[in-house]
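Line order of the protein sequences matches chains D and Y.
Counting the first sequence from 1 gives a position; the working numbering is that position plus 44.
Counting the second sequence from 1 gives a position; the working numbering is that position plus 1.
In short, the hints are calculated from the structure, not lab data.
Take the hints with a grain of salt, since some may be wrong.
To be verified - Calculated pairs, DMTMM-like style, for lysine to aspartate or glutamate (alpha carbon to alpha carbon, straight line, at most 20 Å):
id: 1; chain 1: Y; residue 1: K135; chain 2: D; residue 2: D159
id: 2; chain 1: Y; residue 1: K187; chain 2: Y; residue 2: E121
id: 3; chain 1: Y; residue 1: K135; chain 2: D; residue 2: E151
id: 4; chain 1: Y; residue 1: K135; chain 2: D; residue 2: E155
id: 5; chain 1: Y; residue 1: K135; chain 2: D; residue 2: E154
id: 6; chain 1: Y; residue 1: K44; chain 2: D; residue 2: D46
id: 7; chain 1: Y; residue 1: K44; chain 2: D; residue 2: E145
To be verified - Label-pair restraints from in silico Cβ distances:
id: 8; chain 1: D; residue 1: A144; chain 2: Y; residue 2: K44; range: 15 to 21 Å
id: 9; chain 1: D; residue 1: R91; chain 2: Y; residue 2: D177; range: 49 to 55 Å
id: 10; chain 1: D; residue 1: T172; chain 2: Y; residue 2: C127; range: 44 to 50 Å
id: 11; chain 1: D; residue 1: A52; chain 2: Y; residue 2: L79; range: 27 to 33 Å
id: 12; chain 1: Y; residue 1: L79; chain 2: D; residue 2: T103; range: 43 to 49 Å
id: 13; chain 1: Y; residue 1: L17; chain 2: D; residue 2: R139; range: 47 to 53 Å
id: 14; chain 1: Y; residue 1: R21; chain 2: D; residue 2: E145; range: 24 to 30 Å
id: 15; chain 1: Y; residue 1: V140; chain 2: D; residue 2: R71; range: 26 to 32 Å
Said to hold, decoys possible - Some chain Y residues judged to face chain D by a derived CB distance under 7 Å, without partners named:
id: 16; residue: H33
id: 17; residue: A37
id: 18; residue: T159
We put the CB at the ideal spot given by N, CA and C, even for glycine.
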Amino acid sequence: MDNLHIAATSTSPEIDFQFDQNVLTFRGESYPENAAAFYAPVIERLRAYLAGCSDAAITVEVTLTYFNSSSTKMLFSVFDALDQAASSGNRVLVRWYRDAEDETILEFGEELQADFTAIDFTDCPVAT
Amino acid sequence: MNMFELLDQDAAFFELAQRRNLLFYHKGYFSHSIVAAMSEVVKLQLEVAGINAPTRRKLFSSFIELSQNIIHYSSDSLAEGGGSGGAIREGAVCITTDGERHLMLCVNPVATSAVGHLRERLEPLCNMSLEEIKQAYKVSLRSDTPEESKGAGLGFLTMARDASAPLEFAFYPRVDTPETTLFCLKTII
Numbered sequence: 045m046d047n048l049h050i051a052a053t054s055t056s057p058e059i060d061f062q063f064d065q066n067v068l069t070f071r072g073e074s075y076p077e078n079a080a081a082f083y084a085p086v087i088e089r090l091r092a093y094l095a096g097c098s099d100a101a102i103t104v105e106v107t108l109t110y111f112n113s114s115s116t117k118m119l120f121s122v123f124d125a126l127d128q129a130a131s132s133g134n135r136v137l138v139r140w141y142r143d144a145e146d147e148t149i150l151e152f153g154e155e156l157q158a159d160f161t162a163i164d165f166t167d168c169p170v171a172t
Numbered sequence: 002m003n004m005f006e007l008l009d010q011d012a013a014f015f016e017l018a019q020r021r022n023l024l025f026y027h028k029g030y031f032s033h034s035i036v037a038a039m040s041e042v043v044k045l046q047l048e049v050a051g052i053n054a055p056t057r058r059k060l061f062s063s064f065i066e067l068s069q070n071i072i073h074y075s076s077d078s079l080a081e082g083g084g085s086g087g088a089i090r091e092g093a094v095c096i097t098t099d100g101e102r103h104l105m106l107c108v109n110p111v112a113t114s115a116v117g118h119l120r121e122r123l124e125p126l127c128n129m130s131l132e133e134i135k136q137a138y139k140v141s142l143r144s145d146t147p148e149e150s151k152g153a154g155l156g157f158l159t160m161a162r163d164a165s166a167p168l169e170f171a172f173y174p175r176v177d178t179p180e181t182t183l184f185c186l187k188t189i190i
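Put together the whole structure using the sequences plus the hints.
Following this line, the structure appears as structure tokens:
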């Protein structure tokens with residue numbers, strides 16, 4: 045499967061899915077015009093890749109400095125897909141980078157951990 | 002020509018803006034690209050005003066939710082969106098500072114037929130504690146998106162969570178166009 049790269053814009057994050065390395069990266073700010081339209085094809089490619097994974101060690105690096113309410117909802121779907129893959133024989137390691145002072149992103153990370161327990165989740169506060 | 006002659010009666014506008022510690026004001030059209038450009042202005046203004054980073058993030062978050070509400074729901078539209086072009090709709094957003102408190106006010110017309118529904122969604126939020134708001138946010142995050150929502154249905158809860166006081170809202174009927182009503186929403190951060 046071809047890797048997926050979507051360059052960041054001022055309102056949408058960089059998506060860098062290196063499927064051949066099992067490394068998936070989200071980086072930037074997320075408040076696109078239509079979050080569902082932005083994330084739907086990303087989630088589709090992600091699900092297709094995960095369906096072909098077995099006994100894989102997948103690393104997901106998330107460095108999102110801001111996401112609006114509709115992006116938040118879509119990220120929940122991303123993590124749902126990752127959790128399903130982790131429940132079916134893969135190891136999914138998420139590194140959740142955030143500003144050390146950003147409680148909103150910390151709390152959203154806690155919500156993800158509460159619901160998606162198969163994922164090996166690491167909160168990575170970064171001091172500014 | 003000195004400054005005062007140049008400004009003439011417009012001076013009152015600038016004086017008022019200064020007295021109210023106006024950080025940002027836009028009345029007019031909102032589209033996705035306009036909001037993206039205004040985001041840069043708002044971020045810079047908040048930083049230059051010396052507001053701490055956590056408060057800046059909350060203000061910016063509320064600014065985006067309010068602005069995107071105008072793009073999606075204002076009843077005054079220049080372009081409806083759909084197809085290749087995005088929506089362009091009219092409204093106003095104002096950010097002022099009052100000591101340690103920051104006020105954000107948003108005004109836009111809505112269909113009068115939508116007033117009841119908006120009221121039903123906002124009224125409960127105004128009476129909830131922060132703990133209850135966070136709980137409602139968690140529930141909404143996991144529930145299916147309401148059909149009429151173009152966003153996630155999470156926008157008002159996101160604003161309520163970031164506010165330091167209950168959200169306030171009001172509806173003003175418009176005599177000239179009774180089928181639309183002015184919707185005002187205020188958040189204090």
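To see whether the hints hold, each was checked on the structure:
{"no.": "1", "hint": "Y:K135 to D:D159", "verdict": "holds, 16 Å"}
{"no.": "2", "hint": "Y:K187 to Y:E121", "verdict": "holds, 17 Å"}
{"no.": "3", "hint": "Y:K135 to D:E151", "verdict": "holds, 10 Å"}
{"no.": "4", "hint": "Y:K135 to D:E155", "verdict": "holds, 11 Å"}
{"no.": "5", "hint": "Y:K135 to D:E154", "verdict": "holds, 13 Å"}
{"no.": "6", "hint": "Y:K44 to D:D46", "verdict": "violated, 37 Å"}
{"no.": "7", "hint": "Y:K44 to D:E145", "verdict": "holds, 17 Å"}
{"no.": "8", "hint": "D:A144 to Y:K44: 15 to 21 Å", "verdict": "holds, 20 Å"}
{"no.": "9", "hint": "D:R91 to Y:D177: 49 to 55 Å", "verdict": "holds, 51 Å"}
{"no.": "10", "hint": "D:T172 to Y:C127: 44 to 50 Å", "verdict": "violated, 34 Å"}
{"no.": "11", "hint": "D:A52 to Y:L79: 27 to 33 Å", "verdict": "holds, 28 Å"}
{"no.": "12", "hint": "Y:L79 to D:T103: 43 to 49 Å", "verdict": "holds, 45 Å"}
{"no.": "13", "hint": "Y:L17 to D:R139: 47 to 53 Å", "verdict": "holds, 49 Å"}
{"no.": "14", "hint": "Y:R21 to D:E145: 24 to 30 Å", "verdict": "holds, 29 Å"}
{"no.": "15", "hint": "Y:V140 to D:R71: 26 to 32 Å", "verdict": "holds, 29 Å"}
{"no.": "16", "hint": "H33", "verdict": "holds, 4 Å"}
{"no.": "17", "hint": "A37", "verdict": "holds, 5 Å"}
{"no.": "18", "hint": "T159", "verdict": "holds, 5 Å"}
Taken one by one, the earlier hints fail for this structure at numbers 6 and 10, listed in ascending order.
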